[in-house]
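Participant: Listed below, chain by chain, are the residues.
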Amino acid sequence: MTYLLRGARVLGGDPRDILLKDGYVAEIGAPGTVDAPGAGHVDAGGLIALPGLVDLHTHLREPGREDAETVESGTAAAALGGYTAVHAMANTSPVADTAGVVEQVYRLGQEAGHCDVRPVGAVTAGLAGRQLAELGAMADSAARVRVFSDDGVCVSDAVLMRRALEYVKAFDGVVAQHAQEPRLTEGAQMNEGAVSGRLGLTGWPAVAEEAIIARDCLLAAHVGSRLHICHVSTAGSVEIIRWAKSKGWDVTAEVTPHHLLLTDSCAESSPTGSYNPIYKVNPPLRTAADVQALREALADGTIDCVATDHAPHPVEDKETEWPAAAMGMIGLETALSVVQEAMVETGLLDWAGVADRMSARPARIGRLDGHGGPLAAGTPANLTLFDPSVRRTVEPGGFASKSRNTPYQGMTLPGRVVATFLRGRPTVLEGKLT
Amino acid sequence: MRHLLSTADLSRDDALLILDTAEQLSQVSGRSIKKLPTLRGRTVVNLFFEDSTRTRISFEAAAKRLSADVINFSAKGSSVSKGESLKDTALTLQAMGADAVVVRHGASGAPHRLANWVDGSVVNAGDGTHEHPTQALLDAFTMRRRLGDLEGRRVSIVGDVLHSRVARSNVHLLTTLGAEVTLVAPPTLLPVAMGEWPCEVSYDFDAVLPKSDVVMMLRVQHERMNASYFPSAREYSRRYGLDPERLGRMPDGAIVMHPGPMNRGMEIAAEVADSGRSTIVEQVTNGVTVRMAVLYLLLSGSEPAIGGNQ
Numbered sequence: 005m006t007y008l009l010r011g012a013r014v015l016g017g018d019p020r021d022i023l024l025k026d027g028y029v030a031e032i033g034a035p036g037t038v039d040a041p042g043a044g045h046v047d048a049g050g051l052i053a054l055p056g057l058v059d060l061h062t063h064l065r066e067p068g069r070e071d072a073e074t075v076e077s078g079t080a081a082a083a084l085g086g087y088t089a090v091h092a093m094a095n096t097s098p099v100a101d102t103a104g105v106v107e108q109v110y111r112l113g114q115e116a117g118h119c120d121v122r123p124v125g126a127v128t129a130g131l132a133g134r135q136l137a138e139l140g141a142m143a144d145s146a147a148r149v150r151v152f153s154d155d156g157v158c159v160s161d162a163v164l165m166r167r168a169l170e171y172v173k174a175f176d177g178v179v180a181q182h183a184q185e186p187r188l189t190e191g192a193q194m195n196e197g198a199v200s201g202r203l204g205l206t207g208w209p210a211v212a213e214e215a216i217i218a219r220d221c222l223l224a225a226h227v228g229s230r231l232h233i234c235h236v237s238t239a240g241s242v243e244i245i246r247w248a249k250s251k252g253w254d255v256t257a258e259v260t261p262h263h264l265l266l267t268d269s270c271a272e273s274s275p276t277g278s279y280n281p282i283y284k285v286n287p288p289l290r291t292a293a294d295v296q297a298l299r300e301a302l303a304d305g306t307i308d309c310v311a312t313d314h315a316p317h318p319v320e321d322k323e324t325e326w327p328a329a330a331m332g333m334i335g336l337e338t339a340l341s342v343v344q345e346a347m348v349e350t351g352l353l354d355w356a357g358v359a360d361r362m363s364a365r366p367a368r369i370g371r372l373d374g375h376g377g378p379l380a381a382g383t384p385a386n387l388t389l390f391d392p393s394v395r396r397t398v399e400p401g402g403f404a405s406k407s408r409n410t411p412y413q414g415m416t417l418p419g420r421v422v423a424t425f426l427r428g429r430p431t432v433l434e435g436k437l438t
Numbered sequence: 099m100r101h102l103l104s105t106a107d108l109s110r111d112d113a114l115l116i117l118d119t120a121e122q123l124s125q126v127s128g129r130s131i132k133k134l135p136t137l138r139g140r141t142v143v144n145l146f147f148e149d150s151t152r153t154r155i156s157f158e159a160a161a162k163r164l165s166a167d168v169i170n171f172s173a174k175g176s177s178v179s180k181g182e183s184l185k186d187t188a189l190t191l192q193a194m195g196a197d198a199v200v201v202r203h204g205a206s207g208a209p210h211r212l213a214n215w216v217d218g219s220v221v222n223a224g225d226g227t228h229e230h231p232t233q234a235l236l237d238a239f240t241m242r243r244r245l246g247d248l249e250g251r252r253v254s255i256v257g258d259v260l261h262s263r264v265a266r267s268n269v270h271l272l273t274t275l276g277a278e279v280t281l282v283a284p285p286t287l288l289p290v291a292m293g294e295w296p297c298e299v300s301y302d303f304d305a306v307l308p309k310s311d312v313v314m315m316l317r318v319q320h321e322r323m324n325a326s327y328f329p330s331a332r333e334y335s336r337r338y339g340l341d342p343e344r345l346g347r348m349p350d351g352a353i354v355m356h357p358g359p360m361n362r363g364m365e366i367a368a369e370v371a372d373s374g375r376s377t378i379v380e381q382v383t384n385g386v387t388v389r390m391a392v393l394y395l396l397l398s399g400s401e402p403a404i405g406g407n408q
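Residue numbers (my numbering), protein chains in the order written: chain A, 5 to 438; chain B, 99 to 408.
If you're looking for bench data, these hints aren't it; they were derived computationally from the structure.
Glycine residues also receive a C-beta, built at the ideal position from the N, C-alpha and C atoms.
Check the hints yourself; a few may be wrong.
Okay, the calculated bits of chain A under chain B, using three or more residues with CB under 8 Å as the criterion [as the list claims (entries may be wrong)]: (1) 136-149; (2) 274-286; (3) 308-316.
Cut-off 20 Å, straight-line C-alpha distance, at most; resulting in silico cross-link-like pairs (DMTMM-like, lysine to aspartate or glutamate) [what the hints assert, rightly or not]: (4) Lys185(B) / Asp321(A); (5) Lys180(B) / Glu320(A); (6) Lys185(B) / Asp197(B); (7) Lys309(B) / Asp341(B); (8) Lys180(B) / Asp321(A); (9) Lys173(A) / Asp254(A); (10) Lys185(B) / Glu323(A); (11) Lys180(B) / Glu323(A); (12) Lys309(B) / Glu343(B); (13) Lys185(B) / Glu320(A).
Using the sequences and the hints, build the whole thing.
Facilitator: In structure tokens, the structure reads:
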């Protein structure tokens, strides 16, 4: 299978022809200089070529909640979003806390074929926070798990967290912490601030995130291990992570697209009225000042990467009163557009920066070989072509995801994924699944 | 006005129209036959997901005095207890032709959601820890009767502001009507970011007391004590309870209000609740009148409240 991508702007640079052959990038050259007899031609004029995106934080829901998403539908959504690899979170049913479950998810990903699926293993058995899951067995399994997380729940027990951080050093793993002090967030519904006070919804204070991040940075430093912070949402968290990095500690962090664009004011007023739980997410949407701090932190590298926290929920779990609604929003099919809106059009990141934050760094954190670029001859042909010049109104009716809980419905966002290649094979062409 | 969800949605003119209409309607309460034909053939559903006999019967009396058909729907023992969603309940009421839905729900914002799913008017009869608009309206009505115009009147609202829907509704409404509101509570029972609230905040009841034309005491739930919002009921009562000694330090003519139900001996002493300054029983009476005005204005529009054919 050979493809010639003609006139693509690699990382936003000058037009180049890119030859994909036998799963690898065979050649990159000036337009018209690449000879490719028999190759399928893709007109990539005006399109940005990026290394295939890598998501460190995806909920594929299978096994257990196939009504919300399956590995098949979730990875199709990922491919349409420009992703060539996703990390599938462990909070499935049964929980991905054994070699058996992670191998099942891994195998389902291979069968679906839309992108690589790298299962995340649970830190504690059943996400119960009482004893470590068999981390080594998951690491040694066919799924080769390197990222461990109880995401959805915080590993709040300091001793357990310390042990997990220490233990995963044996196989170069990383613990991805969902930072949420449980006692400070009992019954929490949204960011604790002016809006929650007015709406009478129980607050989720920034300190509940920041206190855990501070503790875990200190723990990681103490035991000399790697720590990754999931979905950083506050300006205070950014300051703590910046400080930890300044010490040389091996701490990385991610931010979601929605925390880069939306604020807690969405709960009070949106085109669909107030109290629409489409905006209910954990950690919650924060203030405009937090959004600004997160954007700047992503730009300066304090926050390493964008991770979607794609969290599908069926309609009935969102068409409810706010406190009864499920937390989370889908994001795979809009992530790159949101990043263009929040980071590129604001001048905070160029396309090389986008490639770094959405592909290279997440691949490195996940110890994921073959992904993350660079886009150069001889590397695996995992890449996506993106048209930044169009604007589109988000209509979830056309999404590949089984769920529709996007907060961007009806919003106009820039850019569109035109094609995605996984090891030289197109998973998406002309904006459609192949 | 199609719904009454929050007092923040009411302009000064809206609020005055409701209060003036209530004043007209109050004449009916003094008659031997307390009934008007105004809402004959209209259906009002009382949809109560939380037990609140007081509010429910007040709305029921109000609707019946306007000759509306009243359906009481209590979540207990109904399809809701079998897991029916709020949306399906709404669609059911819609299919039955409810002209107005009076909803009490434990979730803040539930009436706002409901308003998306029904064509009729939605009246918020208390949603979680958000608002209780008709309570604020009856409080304002009661204050006007006792004190006249509310412009410049100093109203102190004392107690669990954090969890109080009564406090939120009163802050919006009373400031719209020109009153100066001070919220008094221990810091644990106030929201963390109140900078944009159009009122003063104080931790010191005794400092605020002599400067109050109205002291409104809020009910303190016993379960707050177990969550360490304050050390003990006795300490709360000493610092924030209205006892006879504090009553004596209120200005002449100042009144004492409480939305009920009271914890006698906790936030309010029995002697205070039963004193001549207390408007607590009047508030209940006025509740029916104000709710009549709300239902009337939502359901029959601009016709005069009391027609000439009485």
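Participant: Would the pair lysine 185(B) and glutamate 320(A) pass a check requiring their Cα atoms to be no farther apart than 20 Å?
Facilitator: 9 Å, holds
Participant: Holds or violated: are the alpha carbons of lysine 309(B) and glutamate 343(B) at most 20 Å from each other?
Facilitator: OK: lysine 309(B) and glutamate 343(B) at ~16 Å, within 20 Å.
Participant: Decide if the proposed pair is consistent with the structure: lysine 180(B) and aspartate 321(A), CA atoms, cutoff 20 Å inclusive.
Facilitator: 16 Å, holds
Participant: Straight-line Cα separation of lysine 309(B) and aspartate 341(B) no greater than 20 Å?
Facilitator: 17 Å, holds
Participant: Verify the coverage statement for the region 136-149 of chain A against chain B, using a C-beta to C-beta distance below 8 Å and requiring 3 or more qualifying residues.
Facilitator: Our answer is that it is violated, as 0 residues pass the Cβ test (under 8 Å) against chain B, missing three.
Participant: Hint check: lysine 185(B) vs glutamate 323(A), CA-CA at most 20 Å. Holds or violated?
Facilitator: 7 Å, holds
Participant: Holds or violated: lysine 185(B) with aspartate 321(A), Cα cutoff 20 Å?
Facilitator: 11 Å, holds
Participant: Hint check: lysine 185(B) vs aspartate 197(B), CA-CA at most 20 Å. Holds or violated?
Facilitator: At roughly 17 Å apart (the allowed maximum being 20 Å), aspartate 197(B) and lysine 185(B) satisfy the hint.
Participant: Has the region 308-316 of chain A got at least three residues whose CB is nearer than 8 Å to a CB belonging to chain B?
Facilitator: As far as the region 308-316 of chain A goes, the hint is violated, because 0 residues have Cβ atoms under 8 Å from chain B.
Participant: Within a Cα-Cα threshold of 20 Å, do lysine 173(A) and aspartate 254(A) meet the stated pairing?
Facilitator: 12 Å, holds
Participant: Does the region 274-286 of chain A contain three or more residues whose Cβ lies closer than 8 Å to a Cβ of chain B?
Facilitator: With 5 residues closer than 8 Å to chain B, the region 274-286 of chain A meets the three-residue bar; holds.
Participant: Holds or violated: lysine 180(B) with glutamate 323(A), Cα cutoff 20 Å?
Facilitator: 18 Å, holds
The structure does not agree with the numbered hints 1, 3 stated previously, though it agrees with the rest.
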